[in-house]
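Participant: Modelling step: build the complete structure from the supplied sequences, incorporating the hints.
In order, the protein sequences belong to chains A and B.
Numbering-wise, the working numbering puts 253 at position 253 of the first sequence, and it's gapless, one number per residue.
Numbering-wise, the working numbering puts 160 at position 160 of the second sequence, and it's gapless, one number per residue.
I should point out that these hints are in silico values taken from the structure, not numbers from a laboratory.
Ideal placement from N, C-alpha and C gives every residue a C-beta, glycine not left out.
Everything hinted at is true.
Per the computed footprint, the stretches of chain B lying under chain A, defined by three or more beta-carbons under 8 Å from a beta-carbon of chain A, are:
#1 47-57
#2 71-82
Partial chain A-side listing against chain B, Cβ under 7 Å, derived:
#3 Gln7
#4 Val224
#5 Ala231
#6 Ser233
#7 Leu234
#8 Gly235
#9 Glu237
#10 Ser241
#11 Leu242
#12 Gly243
#13 Pro245
#14 Arg283
#15 Gly287
#16 Gly288
#17 Asp289
Derived CB-CB ranges, DEER-like:
#18 Gly112/B x Leu92/A: 26 to 36 Å
#19 Gly144/B x Gln248/A: 31 to 41 Å
#20 Gly112/B x Leu338/A: 32 to 42 Å
#21 Ser115/A x Ala76/B: 52 to 62 Å
#22 Arg317/A x Gly112/B: 47 to 57 Å
#23 Asp65/B x Thr21/A: 50 to 60 Å
#24 Pro318/A x Gln87/B: 57 to 67 Å
#25 Gly144/B x Gly155/A: 33 to 43 Å
#26 Ser73/B x Thr160/A: 17 to 27 Å
#27 Leu92/A x Pro231/B: 48 to 58 Å
#28 Thr160/A x Leu246/B: 46 to 56 Å
#29 His171/B x Tyr180/A: 52 to 62 Å
#30 Pro89/B x Pro333/A: 23 to 33 Å
Listed here are the chains, written in short residue letters.
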Amino acid sequence: MTRLEPQRVRQLTQQAGVFATLLGLLGLGLWLGLSQGAVTLAPEQVLRAVLGLEPNPIVAELRLPRVLGSMLVGAALGLAGALFQGLFRNPLADPYLMGSASGAAFAVTVALSLSGGLSAAYASDRIFAALPAYTPVFAFGGAVLAVALTLLLAGGAARTHDLVLAGVVVGSVLTGLTTYWMLKDADRVRAVMAYTLGNLSFMGWPEVRVLALYLLAAGPLWWVLGRTLNALSLGEETARSLGLPLAQLKLGIIGLATWLTAASVAYAGIIGFVGLVAPHALRRLVGGDYRVLLPASALGGAVLLSFSDLLARVLTRPAELPVGVVTTLLGGPFFLYLLWRGRRDVH
Amino acid sequence: MSTRGLWAEGLCFGYAGRPVLRGVSLGLAEGEWLALLGPNGSGKSTLLRLLAGLLEPQGGRVWLDGKPLGQLSTWARGQQVAFLPQQSPYPEGLRVEEVVRLGRTPHLGLLGREGPADDQAVAWALRQTQTEALRHRWLATLSGGERSRVLLARALAARPRFLLLDEPTSHLDLHFQAEFLALLEGLRSQGVGVLTVLHDPNLARKADRVAIMVEGCLLMEGPPQQVITQPLLSRVYGPGVRVHQLEGQPVVLLG
Chain A
1 MTRLEPQRVR QLTQQAGVFA TLLGLLGLGL WLGLSQGAVT LAPEQVLRAV
51 LGLEPNPIVA ELRLPRVLGS MLVGAALGLA GALFQGLFRN PLADPYLMGS
101 ASGAAFAVTV ALSLSGGLSA AYASDRIFAA LPAYTPVFAF GGAVLAVALT
151 LLLAGGAART HDLVLAGVVV GSVLTGLTTY WMLKDADRVR AVMAYTLGNL
201 SFMGWPEVRV LALYLLAAGP LWWVLGRTLN ALSLGEETAR SLGLPLAQLK
251 LGIIGLATWL TAASVAYAGI IGFVGLVAPH ALRRLVGGDY RVLLPASALG
301 GAVLLSFSDL LARVLTRPAE LPVGVVTTLL GGPFFLYLLW RGRRDVH
Chain B
1 MSTRGLWAEG LCFGYAGRPV LRGVSLGLAE GEWLALLGPN GSGKSTLLRL
51 LAGLLEPQGG RVWLDGKPLG QLSTWARGQQ VAFLPQQSPY PEGLRVEEVV
101 RLGRTPHLGL LGREGPADDQ AVAWALRQTQ TEALRHRWLA TLSGGERSRV
151 LLARALAARP RFLLLDEPTS HLDLHFQAEF LALLEGLRSQ GVGVLTVLHD
201 PNLARKADRV AIMVEGCLLM EGPPQQVITQ PLLSRVYGPG VRVHQLEGQP
251 VVLLG
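Facilitator: Structure (structure tokens):
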């Protein structure tokens, strides 16, 4: 647009304000994440460690990758949630809608059976470290295969309702199998439960690098899919009449969301509510233009998960809570609040 | 067959084996308004979807300027043929102008950047539908009639050569129904071919041609005077419909 009108300026200002706030919160989350934990570090200690003036393994090797990892996982979940909410035109869609979570949990169970169980003695909050080294690969593959199975059962991506139904079927069957299989062995119960409750304690630099690559690969698609999702919000018929090759684009959206979800599940287990709440809340703040909403949801997810992980680390320190417990405890009531507010606004 | 225009030739279509269209042939020329009448379930909307390239014919073919419509790229099709469905979801968080801008999608593709031509087309479409004052409102907060006009503006924004409108007037008050007829007049003079599905035969009175569909077949097609007649409408809609003449034009009343 060449000429900017006051209303448009106001909208842009508000959007810029939301992005600035999210970035500020990310900075705050980074700072708190580095200084807080089992041991509290003084500001100057954190600063010296970050600036490289004083080697500090707690900051450099433990907290920094963990905080960055939580942000990357949160961003992946926020983005995947926004993609699915747009695709299904349903604000209650979440990244696991098509069975990826159950697929990952099932694959982790399989991985454990193949390896003969957990590798060594473990503490409950270090259970990811005791899992076999190839677990993330299995989780990623399980998530992708489950979504592929959902697509197969739904006969492709053409009929959205079939996709949701097939996703529910695949999810419940895999969950049933997982439960049956994991109950054979107490170690498996603990390991699979740890996975399904989400955990960021295994986050190190290699994981952060891989996650960053996954997110970077998703970046260029944002504009294309943003425009597609905008058109889709007027209905599939309208989107197709506008010339969009919807069959391929829908597969692209599912593929990207699955890629992001699988990556996050592989390194952090299943973390509920982030991918549901972040896009939902940000839609109210920045509007429904997906070219804006997609990056905003990624940032929102990053903020939400980094703060949730912070709580998971400090609430019961020196022990840790599974981060999925925190996101669920925070996200549930917050989501109810959004629903209640939405009802009040509309009627 | 004239080469310019949008043509349906012997179209057959059915959903799950239930036939909906049984060999419909119908042409839409440039600068022409064709009004499609017919009872519920007679196949009007399906015909529109086939003409818009949203459904693949199970028999017969759709031609655009003498070429099979299916051979065009989806973008080229979208630039030339705009389709307004009977119902659309009303997304939260999209403003009127953003909705109308989506109409430019066929010209932009997936990666194109909007330019002055797009701004002009959007401004024109807003003006034509008198929705300029609403441009910063949220679509979801508008009244039914306002939404209809905005969605019509979305279809217009592509500056299509052919416009397929499925019940565009159903939420409009009398004032905007009159405005809609004036808009069609303007589009016709610009060479746009318009096909409207209408429920009210009185609105079709000013059309160039009226076609009536019954049970998937084209029952009759011709100038309004010849189609909007007592015997024909009684046959299609039942005995409760009365066609009167007022100043030489048919007026349809109930009872």
